[in-house]
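Participant: All chains, please: the whole structure from these sequences, using the hints.
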Amino acid sequence: MNAYLDFEKPVAQLEARIADLRSSAQSDQVDISAELARLEQKSAALLETTYSSLTPWQKTQVARHPKRPHFRDYVQYGFADFMPLGGDRLYGDDEAIMGGFAKLDGRRVMLIGHEKGHDTESRLRHNFGMGKPEGYRKAIRLMELAGRFGLPVVTLVDTSGAFPGVEAEERGQAEAIARSTEACLALPVPIISVIVGEGGSGGAVALAASNRVLMLEHAVYSVISPEGCASILWRTAEKASEAAQAMKVTSSDLLSLGVIDGVVPEPVGGAHRDPETAADRLTSRISEELAQFDGRTSKEIVAQREERFLNMAR
Amino acid sequence: MNWLTRARNALPFLGKRDTPDNLWTKCPACQEMLFTKDYEENLSVCPKCDYHGRIGADRRLALLLDEGYEVLSQPDVREDPLKFRDTKKYTERLKQARAANPHRDAFTAAAGTIDNRPAVVGVQDFGFMGGSMGMAVGEAFCKGAEEALKRRCAYVVVTAAGGARMQEGILSLMQMPKATVMTRRLKEAGLPYIVVLTDPTTGGVTASYAMLGDIHIAEPGALIGFAGQRVIQDTIREQLPDGFQRAEYLHRHGMVDMVVDRHELKGTLADLLEYLEPAEAA
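Sequence order for the protein chains is A and B.
So in the UniProt record's numbering, spot 259 of the first sequence is number 259, and the numbers just go up one at a time.
So in the UniProt record's numbering, spot 252 of the second sequence is number 252, and the numbers just go up one at a time.
It should be emphasised that the hints constitute simulated quantities derived from the structure, not laboratory data.
Treat each hint with caution, since some may be false.
[What the hints assert, rightly or not] Some, not all, of what chain A presents toward chain B, calculated at C-beta under 10 Å:
| hint | residue |
| --- | --- |
| 1 | A178 |
| 2 | T181 |
| 3 | G202 |
| 4 | G203 |
| 5 | A204 |
| 6 | S222 |
| 7 | I301 |
[What the hints assert, rightly or not] Restricting the straight-line Cα-Cα distance to at most 20 Å, the calculated cross-link-like pairs of lysine to any residue (SDA-like) are:
| hint | chain 1 | residue 1 | chain 2 | residue 2 |
| --- | --- | --- | --- | --- |
| 8 | B | K187 | B | A111 |
| 9 | A | K239 | B | R230 |
| 10 | A | K67 | A | P267 |
| 11 | B | K89 | A | S241 |
| 12 | A | K239 | B | F84 |
| 13 | A | K299 | B | R185 |
| 14 | B | K187 | A | K67 |
| 15 | B | K88 | A | A237 |
[As the list claims (entries may be wrong)] If you only want the chain A side, here are some residues facing chain B, beta carbon under 8 Å, derived:
| hint | residue |
| --- | --- |
| 16 | P84 |
| 17 | L85 |
| 18 | Y221 |
| 19 | M247 |
| 20 | L310 |
Just so you know, even glycine gets a beta-carbon here, dropped at the ideal spot from N, CA and C.
Facilitator: Below you can see the structure in the form of structure tokens.
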């Protein structure tokens, strides 16, 4: 059963009709295969046109879709032998940010990313993908480990933002994010980041100060949530759609601004309709990007990353 | 402006009086009425309650650097790359901010000496669009760092900002890693980088160059944090603890080295620089 977004209503109605026809076909013995095929084609075409012209606000909703694949799904479909590692050795383990060794097309990598969870229980456990200082400090620890052992780092970014809470502030949320960004920039190995869902502000960039930054087609990446921006600049969160439009949050916008290096196309109707294909495309693109750094020295890798950010946004 | 002044200024034959408005300053913290002249001579610190008021870039530079410092020119950056418009055009907001401020954007750096020790000082001015960090701020921060690298001297940065400049969208977020490239270069070159956190320093500024100093100094009472208090309150639905996100609170939680009164700031920086002599490049 799909969870439909508001703008998918026409698709939902068609798919409901198809389902109805199917069940009545079984009882009535009438041949409706022609009609079914026609409707299915219509529904697929509608889905394709709907998803080829999503507004920035609609994309934001797709990026936050409850069924959207997250870190664990990509690990399952796209990586082999994931060995999760835990803890920041300072305070605790934060499951909003996961990380560990993994193999990507046979290549050993350090895989780090936000996990939002997929039902109430797991969402609570992963704190909806909102990292705390101990999560970012775990990421720092794992990045440094990867650097020492020559393992390239892959990060999957998917967070509405770092956790805003009293304890997070007390334990130095800002410092942890700043140090995590610094750790990305200091890596002697390549680091490739993909915004797979929401790239929410500092909590996202802390894992994405990378040699290559990619986005899934319907992911969004922004300095503040559209609601947050709207409530500050328009003084009402109801203008979120306008704010999403004005801030330029989509993969195509960010590609033309030079902030990201590439867009990974999603299956028609979004990654949630076919997580396996989405994961395949994602990992093969990451492999291609990593291969470009083969044979490069640490110095070259660091320099390329530094220039990327120094020359950007001038 | 009170109603009397307003009424008076509205009368065409009387002419505007500019004195009554700024002869007195009300302390925003204790509400005490202070002679503006006395308040400013006291470095905009309330003599009654020690509230540290916000001051602009020029006053801050004059306060920290010895006479004869050189203000670095503001770097050129793309203007309004997103053609951003909320209830007002971003270009309009910029124009207004520039009309009310001697500088073109919110970060001004100068090279000189602090008690005869060479230093580059960068100052973020909350008075310019809330000190917000966009491309101009990021670029000016980097330019200040480059100047310190060139002169092989300390880089002192005085922060004040609500956060990133939303009108520049993702490009403002990209200033965080960009500034961090430069703090790393200072470190690698063996040069000290000292951050002075002033009221308020929040959001993306705190979560990048404001928290990467070798030494963190905060002014008394300064609001310093990552998330906004309203956002936190909406998340946890409880009262925030007393003094939450204030300088003294951060000091207790190990995020700043010291809380220093504005009158002692220059002397403290000079004392620190005596210990943090530029090392040989690594």
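Participant: Which hint numbers doesn't this structure obey?
Facilitator: 7, 14, 16 and 17
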